[in-house]
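S.K.: What follows is each chain in one-letter form.
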Amino acid sequence: MTLNQSAVPLADALDAQRINRLAHFDVPAHKGGRMNAELPEYFGKRCMELDVNSMKPLDNLGHPVGVIRDAQALAAEAFGADNAFFMVNGTTSAVQTMIWTATGRGDKIILPRNVHRSAINALVVNGAIPIYINPGRDKRLGIPLGMSVADVKKAISEHPDAKAILVNNPTYYGICSNLRAIVRLAHQAGMLVLADEAHGTHFYFHDELPVSAMSAGADMAAASIHKTGGSLTQSSILLTRKPVNPDYVRQVITLTQSTSASYLLLSSLDIARRNLYFKGRAIYQKTMEFADYAREEINALGGYYAFGTELIDGDAAFAFDRTKLSVHTRDIGLAGIEVYDHLRDDYGIQIEFGDIGNLLAILSAGDRMMDVERLISALAEIKRLHERSAAGLFDHEYIDPSIAMTPQDAFYAKKRRVPMKESVGLVAGEFVMSYPPGIPIVAPGERITPDVLEHILFAKDRGCFMTGTEDMNLDYLQVVG
Amino acid sequence: MELWYTDQHTDDVRFSMKASVQVASKKSAVQQIDILDTPAYGRVLVLDGGLMTTEKDEFIYHEMITHVPMAVNPNVKNVLVIGGGDGGTVRELTKYRSIESIDLVEVDKDVVLLAKKYLPFTSAKLKDKRVSVWFEEGLRYVRGKKAEYDLIIVDSSDPYGPAEGLFTREFYGTCFKALRDDGILINQHESPFYYVHQRSVRDAHKHIAVEFPVSTVYQCHIPSYPSGHWLFGFASKKYHPIEDLDATRWNKLGIRTRYYNTDLHRGAFALPNYVKDLLNK
Ligand SMILES: Cc1ncc(COP(=O)(O)O)c(C=O)c1O
Numbered sequence: 001m002t003l004n005q006s007a008v009p010l011a012d013a014l015d016a017q018r019i020n021r022l023a024h025f026d027v028p029a030h031k032g033g034r035m036n037a038e039l040p041e042y043f044g045k046r047c048m049e050l051d052v053n054s055m056k057p058l059d060n061l062g063h064p065v066g067v068i069r070d071a072q073a074l075a076a077e078a079f080g081a082d083n084a085f086f087m088v089n090g091t092t093s094a095v096q097t098m099i100w101t102a103t104g105r106g107d108k109i110i111l112p113r114n115v116h117r118s119a120i121n122a123l124v125v126n127g128a129i130p131i132y133i134n135p136g137r138d139k140r141l142g143i144p145l146g147m148s149v150a151d152v153k154k155a156i157s158e159h160p161d162a163k164a165i166l167v168n169n170p171t172y173y174g175i176c177s178n179l180r181a182i183v184r185l186a187h188q189a190g191m192l193v194l195a196d197e198a199h200g201t202h203f204y205f206h207d208e209l210p211v212s213a214m215s216a217g218a219d220m221a222a223a224s225i226h227k228t229g230g231s232l233t234q235s236s237i238l239l240t241r242k243p244v245n246p247d248y249v250r251q252v253i254t255l256t257q258s259t260s261a262s263y264l265l266l267s268s269l270d271i272a273r274r275n276l277y278f279k280g281r282a283i284y285q286k287t288m289e290f291a292d293y294a295r296e297e298i299n300a301l302g303g304y305y306a307f308g309t310e311l312i313d314g315d316a317a318f319a320f321d322r323t324k325l326s327v328h329t330r331d332i333g334l335a336g337i338e339v340y341d342h343l344r345d346d347y348g349i350q351i352e353f354g355d356i357g358n359l360l361a362i363l364s365a366g367d368r369m370m371d372v373e374r375l376i377s378a379l380a381e382i383k384r385l386h387e388r389s390a391a392g393l394f395d396h397e398y399i400d401p402s403i404a405m406t407p408q409d410a411f412y413a414k415k416r417r418v419p420m421k422e423s424v425g426l427v428a429g430e431f432v433m434s435y436p437p438g439i440p441i442v443a444p445g446e447r448i449t450p451d452v453l454e455h456i457l458f459a460k461d462r463g464c465f466m467t468g469t470e471d472m473n474l475d476y477l478q479v480v481g
Numbered sequence: 001m002e003l004w005y006t007d008q009h010t011d012d013v014r015f016s017m018k019a020s021v022q023v024a025s026k027k028s029a030v031q032q033i034d035i036l037d038t039p040a041y042g043r044v045l046v047l048d049g050g051l052m053t054t055e056k057d058e059f060i061y062h063e064m065i066t067h068v069p070m071a072v073n074p075n076v077k078n079v080l081v082i083g084g085g086d087g088g089t090v091r092e093l094t095k096y097r098s099i100e101s102i103d104l105v106e107v108d109k110d111v112v113l114l115a116k117k118y119l120p121f122t123s124a125k126l127k128d129k130r131v132s133v134w135f136e137e138g139l140r141y142v143r144g145k146k147a148e149y150d151l152i153i154v155d156s157s158d159p160y161g162p163a164e165g166l167f168t169r170e171f172y173g174t175c176f177k178a179l180r181d182d183g184i185l186i187n188q189h190e191s192p193f194y195y196v197h198q199r200s201v202r203d204a205h206k207h208i209a210v211e212f213p214v215s216t217v218y219q220c221h222i223p224s225y226p227s228g229h230w231l232f233g234f235a236s237k238k239y240h241p242i243e244d245l246d247a248t249r250w251n252k253l254g255i256r257t258r259y260y261n262t263d264l265h266r267g268a269f270a271l272p273n274y275v276k277d278l279l280n281k
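Sequence lines, in order, name chains A and B.
So the first sequence is numbered by our numbering: it starts at 1 and just counts up by one.
So the second sequence is numbered by our numbering: it starts at 1 and just counts up by one.
Warning: the hint list may mix true and false statements.
Heads up, incomplete: computed chain A residues facing chain B, CB under 8 angstroms, no partners named [stated by the list, open to error]:
#1 Ile271
#2 Asp345
#3 Ala365
#4 Met369
#5 Arg374
#6 Ile376
#7 Ser377
#8 Ala380
#9 Glu381
#10 Asp409
#11 Tyr412
Source of the hints: derived by calculation from the structure; they are not laboratory data.
Yeah, the Cβ is synthetic: ideal placement off N, Cα and C, and Gly gets one too.
The following block holds chain B by itself, in its conformation from the complex (with noise of 0.2 angstroms):
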């Protein structure tokens, strides 16, 4: 018998991989959670059916998400992630030696528990000092912030679930107010490619360049996720994406990436026409 999981991208759209065992299996009080050894993408992690992190590519998310508003202000000091309860968002701030405090709101506690246990691999710096970990509702968290942050980053799961509040103007308007005068709002902002999800990326960028000066998406190749095609959201009280880059300074802390570079930041910014029409609509 040969074990298969299945992605349903859209209606009309699958995307499956072999399985080889299901290693962990878990109803939360907010969804499904599984977790399975893949012989293509490694360990992987689904929450309601849906997959949110493989071990083979998660390196691509969780740089792109990261490095790009830090190369942009290296002067970060207080961060706050929104989900991300696999912890690799965390981990890739854990390499920044100026970062004073992380904290992660994640509204799933399982999922922080069994990341621990199973994914060491993206959770293993959630015991770094600096990280403080609140299972909280990600909206209720962030009303009672005012100029606290530097940047915000928003490493949900889709808007069709828990995080679809995290999708609302709502939140970015919250957002806003809980960073401080220079600060950095990225999200995870789902991909523009099939017809069911350009609808949650469009109003997503509407409702985020409402309450920010500066906003604007960029891209990144994700292999295992819908479509592939993937973008974040870079907005910002202050700093603009590409002209307030430090590639230099950014350069000399050596980090070690292997998707992030300075180049690909700037690359990553410019857009094919379909995106942009899609944004302007």
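Chain A with its partners taken away, still in its complex shape (with noise of 0.2 angstroms):
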């Protein structure tokens, strides 16, 4: 068989499956849905079965030699690299396979505080040593923005023993560092680069777009195409590129991968794939007119600032995705939280999150203008019915950390429960944060400062939906010692 984009080698297979009507004696025992008829009626009857385990004809995940294969081949040459990998734990998977590839026990590896959750997680599980860059601040808006690079330059003249960098390309935010430009100083110093694009599979398929990881050399890429690539919630995507050993990359995958990788999370990757390889420029064309067309209606309401490529400052700001639809409140007196919940709970919009300060909107090609002109609508309603003063809100979503250890001897070391209003001056043995945007507030190994003890009263009073602690409420916080 040649391959070429217009195939989707592993979802082909699996169809074949469902119709050659196999007696099945393998697990999963619901056996196509028969076993509790509950099932097909509530997913419906495809759906069920097509939801079967690895067989022959359909590969293995771990080891794949055949369809899987082939759809990973694919997948690589759509997204211009060398080696691609399905990942059926999310993003985070595909993160934590980056960390894991590129250090060991007691090795550094540079990246920007503003880290999503499952790169400080995957150092506590490997035991590396973050070295932390301050990504740049937008002092009106009070969020991080990319790392500058003259700040890569001196940490990588500081600890020139560190073995990689990591990037967000971009943050949730919308917002990249020059790429191009860290890639180059890494190799220069033999460090890999491994890019958290979660939020950036986009970048692969419109030129208008900021650069994606592959195509700016970086080494690794972890992409998750079920954010904005359209395929099933929880598949992704790992790219990489030489010298990265695939091979070894695949055993590292194996250390955490489930040996029953859903059928229909990669078989959605497939197709995804193939969408985005043919229509991906047009799609993501229609989603940034209608960001555009959102940013514009917006701004022109007042109170309210949508931002866009005027934040690019050609450093920490080097370019902006002008599909996300990133809008600070806090003018209006309101926190980004706030006008989240007044958009769910009164008026019927789910948005992807807010903050302090902001909230952010996933535009898609499956919107429609309606839905469009109701969000625009409805943030108009929500200024003339609640706006107030801002004084008094809180003003910064970053907080510099203060490093005490590293987050696996926090996590492991002898920790006690202490109020979390008495914390401050001790060392975190926890993860705080707001989930979304699961950036750690406060991280294991991380002094516990008055303005970190402040943010996280604050989001936790203006509702921000709070993870990490082992006390479900947010009273009480594990300290080392």
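Using the supplied hints, reconstruct the complex from the two chains, each of which is provided in its own coordinate frame.
M.R.: In structure tokens form, the structure reads like this:
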């Protein structure tokens, strides 16, 4: 069989399997949904019949030699990578595989502090040492940006033994660092570049979007096809380029990957890849047009600031992802999370997240103009009905961390529980974050400062969904010692 | 061969009428538009397969959506009609000499073009000098308006297609802002009868009631619409639909109607118990 991008080898093999009407004496025991009629009624018969486990004609994700290998090869080609790995535990597993491939216990990795928790979790597990670069910060918006090239250069010269640099491409808010320059510096110093592209899948399919990791020369990238690429939730792709050894990457993946990867997720990656290859440009063109229109209309309402390419400063905000609709809400006296709650509870509109000063709406080619109009009008209404003075609103989303020990040492240290309000000066033994965006306010090994405590209490008070701590109510914190 | 047009009222209920000829058929940017001639209902307008307007019974709908608010506040000068591309609501409004301007906002230009060509019985007054037609999303149009109208009439299709946004709280709130201090909002409020439509009736009422101090519904009988039992919403910042009805004054205007009269006006607000229960849920 010759492979080309119009093929979906994995999805086709899976469907052939369904049509073959095999007698199944393997797992899953629901056997096409016949074991429990509620399942096909709920999910649809076809979905149940496609939910099978690995078998000869369907290859094996842990050791791909057939249709999965082929589907991954097509994905690698579509994304301009040397190798692609289908992932079934989210971009979390792709981010962790990157870190575990590049570092081992005691190795250093340079990364911006505004990484997703999955990156720091990886360090808790493998004992690598984070060298944080404080991201740039936009004064007006209070949000963290990307890393400045000068800061990266400084970190590299201070830590020439670091193994890798991790870059958000882009951040949740859509802001990119100067990836090409960072790749150049890192490669000169013999370090790998790992890109968290949880929010950047679409960069591969439209030339007016910021540069993708693979075309910027990065070594590995975690691309969340499920977030903006149209595959099923939890499916993701890890991309690698030479000199990264794909066989070693595969071993690292199998350390934690299920041996029963879902074929629904895997085949959705195959189908999404073909769609992106042929229609990606049109899809993201439409997305950008929706976002540009919404930005213009929201900015015309006054009070809100839907930010865009004007943030670009050639350095820590090197590029902006125009498909993102991020809106600064503090000037109408409401936290982003409060606007998020009004949208949901009063207007039946679900957005991606609201944090302290901003909200983020994800637009896609699956949107309809009338829904975009609804979002804009609901924001207008929330302003009309709830606007108040901005005094007293917390004004920054990012606080420089004060590091006392590595994440692993802190997480596995002897710990005790203290009331959150009495934690200032102590070293955290666990994470605190709002999810989304899932960027830790404090990570294991960091000292609680008055600013950090104020941030936590404010976010909790405004209704952010706070996670990470053993205590489900966040009244207590596990600290070291 | 016989030609029949069927309107799917619910998954389990259909309403069919014999058709003699298909007069026009067009896929616009927004929806599928069809116009048919039928022996029983005359010329009919069908949007995305759903019956919108029939020559035979449109007068009921258009009179009830217009004269009820006009009899409560005869001083209305500036009116906004959202939807209503067939022109029937505008036709009724133009009967009032006191009205100074009528803005018609219709998202689908082709509906207006086809109505002008094939539905003269509703569209004839679209050329009245006081009428301006805007082809835009209703929600977007109203967003920019503040205290500019005395009356807003939402003459929409049902909430399962292009008109979905016109049944939302953000839309009603935006209308509130666009109305003057004694403004009235009338909306096409669907039928309370079949279970599948009840949720939209209840939700629309709930959304309007949080925005407007006065909010109720009134009813009429439209033979060609699902169940025949139809509701309109009456919401206002000031006027009560019955206490503020000035029947003598309206009757002096000498406006000719076939369905509406001021006795029926009062009765239309007397609701069956099942409708009351639905709205109070
Ligand atoms: C920047 C970033 N990286 C990684 C992830 C993890 O992705 P997933 O939820 O698919 O595991 C997320 C998810 O929110 C993210 O925002």
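S.K.: Tell me if the interface restraint on Ser377/A is satisfied: Cβ within less than 8 angstroms of some Cβ in chain B.
M.R.: This interface hint holds because 4 angstroms falls under the 8 angstroms limit.
S.K.: Would the hint on Ala365/A be counted as holding, given a Cβ-Cβ threshold of 8 angstroms to chain B?
M.R.: violated (17 angstroms)
S.K.: Holds or violated: is there a CB of chain B closer than 8 angstroms to the CB of Arg374/A?
M.R.: holds (5 angstroms)
S.K.: Given Asp409/A as an interface hint, is its Cβ closer than 8 angstroms to any Cβ of chain B?
M.R.: Violated, because the Cβ-Cβ distance from Asp409/A to chain B comes to roughly 51 angstroms (cut-off 8 angstroms).
S.K.: Does Met369/A hold up as a contact with chain B if the rule is Cβ-Cβ below 8 angstroms?
M.R.: holds (7 angstroms)
S.K.: Please check whether Asp345/A passes as an interface residue: C-beta within 8 angstroms of a C-beta belonging to chain B.
M.R.: violated (11 angstroms)
S.K.: Given Ala380/A as an interface hint, is the shortest Cβ-Cβ distance to chain B below 8 angstroms?
M.R.: holds (6 angstroms)
S.K.: Given Ile271/A as an interface hint, is the shortest Cβ-Cβ distance to chain B below 8 angstroms?
M.R.: violated (28 angstroms)
S.K.: Verify the interface restraint on Tyr412/A: the C-beta must sit less than 8 angstroms from at least one C-beta of chain B.
M.R.: Result: violated, 50 angstroms to nearest chain B Cβ.
S.K.: Quick check on the hint: Glu381/A CB to chain B CB, less than 8 angstroms?
M.R.: holds (4 angstroms)
S.K.: Could you check if Ile376/A really has its C-beta closer than 8 angstroms to a C-beta on chain B?
M.R.: Hint holds; Ile376/A Cβ to chain B Cβ min 7 angstroms, cut 8 angstroms.
Hint check: violations occur at hints 1, 2, 3, 10 and 11; the rest are consistent with the structure.
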